[in-house]
Amino acid sequence: AQSVTQPDIHITVSEGASLELRCNYSYGATPYLFWYVQSPGQGLQLLLKYFSGDTLVQGIKGFEAEFKRSQSSFNLRKPSVHWSDAAEYFCAVFTGGGNKLTFGTGTQLKVEL
Amino acid sequence: DTEVTQTPKHLVMGMTNKKSLKCEQHMGHRAMYWYKQKAKKPPELMFVYSYEKLSINESVPSRFSPECPNSSLLNLHLHALQPEDSALYLCASSLQISNQPQHFGDGTRLSIL
Numbered sequence: 002a003q004s005v006t007q008p009d010i011h012i013t014v015s016e017g018a019s020l021e022l023r024c025n026y027s028y029g030a031t032p033y034l035f036w037y038v039q040s041p042g043q044g045l046q047l048l049l050k051y052f053s054g055d056t057l058v059q060g061i062k063g064f065e066a067e068f069k070r071s072q073s074s075f076n077l078r079k080p081s082v083h084w085s086d087a088a089e090y091f092c093a094v095f096t097g098g099g100n101k102l103t104f105g106t107g108t109q110l111k112v113e114l
Numbered sequence: 010d011t012e013v014t015q016t017p018k019h020l021v022m023g024m025t026n027k028k029s030l031k032c033e034q035h036m037g038h039r040a041m042y043w044y045k046q047k048a049k050k051p052p053e054l055m056f057v058y059s060y061e062k063l064s065i066n067e068s069v070p071s072r073f074s075p076e077c078p079n080s081s082l083l084n085l086h087l088h089a090l091q092p093e094d095s096a097l098y099l100c101a102s103s104l105q106i107s108n109q110p111q112h113f114g115d116g117t118r119l120s121i122l
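Sequence lines, in order, name chains A and B. So the first sequence is numbered by the numbering used here: it starts at 2 and just counts up by one. So the second sequence is numbered by the numbering used here: it starts at 10 and just counts up by one.
Only chain A is shown next, with the shape it has when bound in the complex (with noise of 0.2 Å):
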């Protein structure tokens, strides 16, 4: 079955340093792969999808994710990171047909001044 694995429940990182969360995902075809954040008793955003085509997507507030089929991975990054970034975050695909989103366990980023 088509599934997503985040590996890192929590990750700490210092304002403007670079970030990078992991996704893994196992699925036979290509993928549709996606990026959300949720912040603080607040709904899902949608940061950048991955449908076909270029491998390198850009998202909303700077952040990117590169698709490596070789790799299995679907990697969220963002150069310099800003206090407001600290929330939730999951990595989501597609399943039942395209029918259904499941998503990862998610990464809690927290970001030390």
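Accuracy of the hints is not assured; some may be wrong.
[Unchecked claim] Within a straight-line C-alpha distance of at most 27 Å, the following computed DSS-like cross-link-like pairs (lysine-lysine) qualify:
no.	chain 1	residue 1	chain 2	residue 2
1	B	Lys31	B	Lys50
2	A	Lys111	A	Lys62
3	A	Lys62	A	Lys101
4	A	Lys101	B	Lys47
5	B	Lys49	A	Lys111
6	A	Lys111	B	Lys47
7	A	Lys62	B	Lys50
8	B	Lys62	A	Lys101
9	A	Lys111	B	Lys62
10	B	Lys50	B	Lys18
11	B	Lys62	B	Lys31
12	B	Lys62	B	Lys28
13	B	Lys50	A	Lys111
14	B	Lys18	B	Lys31
15	B	Lys47	B	Lys28
16	B	Lys28	B	Lys50
17	B	Lys47	B	Lys27
18	B	Lys18	A	Lys62
19	A	Lys50	B	Lys47
20	B	Lys27	A	Lys111
21	B	Lys18	A	Lys101
22	B	Lys49	A	Lys62
23	B	Lys31	A	Lys101
24	A	Lys101	B	Lys49
25	B	Lys31	B	Lys47
26	B	Lys50	A	Lys50
27	A	Lys50	A	Lys69
28	B	Lys28	A	Lys50
Rather than coming from a laboratory, the hints here were simulated on the basis of the structure.
Fit chain B to the supplied structure of chain A, relying on the hints for placement.
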């Protein structure tokens, strides 16, 4: 600002009460979703509506009853809930049911006494 509006933001109810959660979107999306999210966990799909018809029910207990009166509105009727039903309930919508990014509301925080 989210384009999917959920009301109320918070709801406290007893186990014998009947209440409803409401979700509204005006983006012309024809697929709408209910998710349940427990603390420190990813969202879990409950129901999917496509063109106002129930398409997916993830074996949700009958004390949760969804309704889609028109293409912009999605309700979740609650009756005889259990304490373990306390969670954040998220609504989402997408252009179509298959392989389209989902846009989430901020959720309703539900507490069962």
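Regarding the pair A:Lys50 and B:Lys47, is the alpha-carbon distance no greater than 27 Å? holds, 25 Å
Taking only the CA atoms, is the gap from A:Lys111 to B:Lys62 under or equal to 27 Å? Status violated; Cα separation ~41 Å.
Measure nothing beyond the straight line between the CA atoms of B:Lys27 and A:Lys111; if it is 27 Å or shorter, mark the hint as holding. It is violated: about 39 Å lies between the C-alpha atoms, which goes past 27 Å.
Regarding the pair B:Lys62 and B:Lys28, is the alpha-carbon distance no greater than 27 Å? holds, 22 Å
Is it true that the CA of B:Lys47 sits at most 27 Å from the CA of B:Lys27? Cα-Cα ~21 Å, so holds.
Hint check: B:Lys18 vs B:Lys31, CA-CA at most 27 Å. Holds or violated? holds, 10 Å
Under the criterion that the straight-line Cα-Cα distance not exceed 27 Å, is the pair B:Lys18, A:Lys101 satisfied? Answer holds: B:Lys18 to A:Lys101 is near 25 Å, not above 27 Å.
What's the verdict on B:Lys18 and A:Lys62, does the C-alpha distance respect the 27 Å limit or exceed it? Holds, at roughly 26 Å.
27 Å limit on alpha-carbon distance, applied to hinted pair B:Lys47 and B:Lys28: Answer holds: B:Lys47 to B:Lys28 is near 19 Å, not above 27 Å.
Need the status of pair B:Lys49, A:Lys62: alpha-carbon distance at most 27 Å? holds, 23 Å
Taking 27 Å as the top limit, are the C-alpha atoms of B:Lys50 and B:Lys18 close enough? Cα-Cα ~19 Å, so holds.
CA of A:Lys62 to CA of B:Lys50, is that 27 Å or under? Cα-Cα ~24 Å, so holds.
Consistency with the previously given hints fails for numbers 9, 20 and 28, ordered from lowest to highest.
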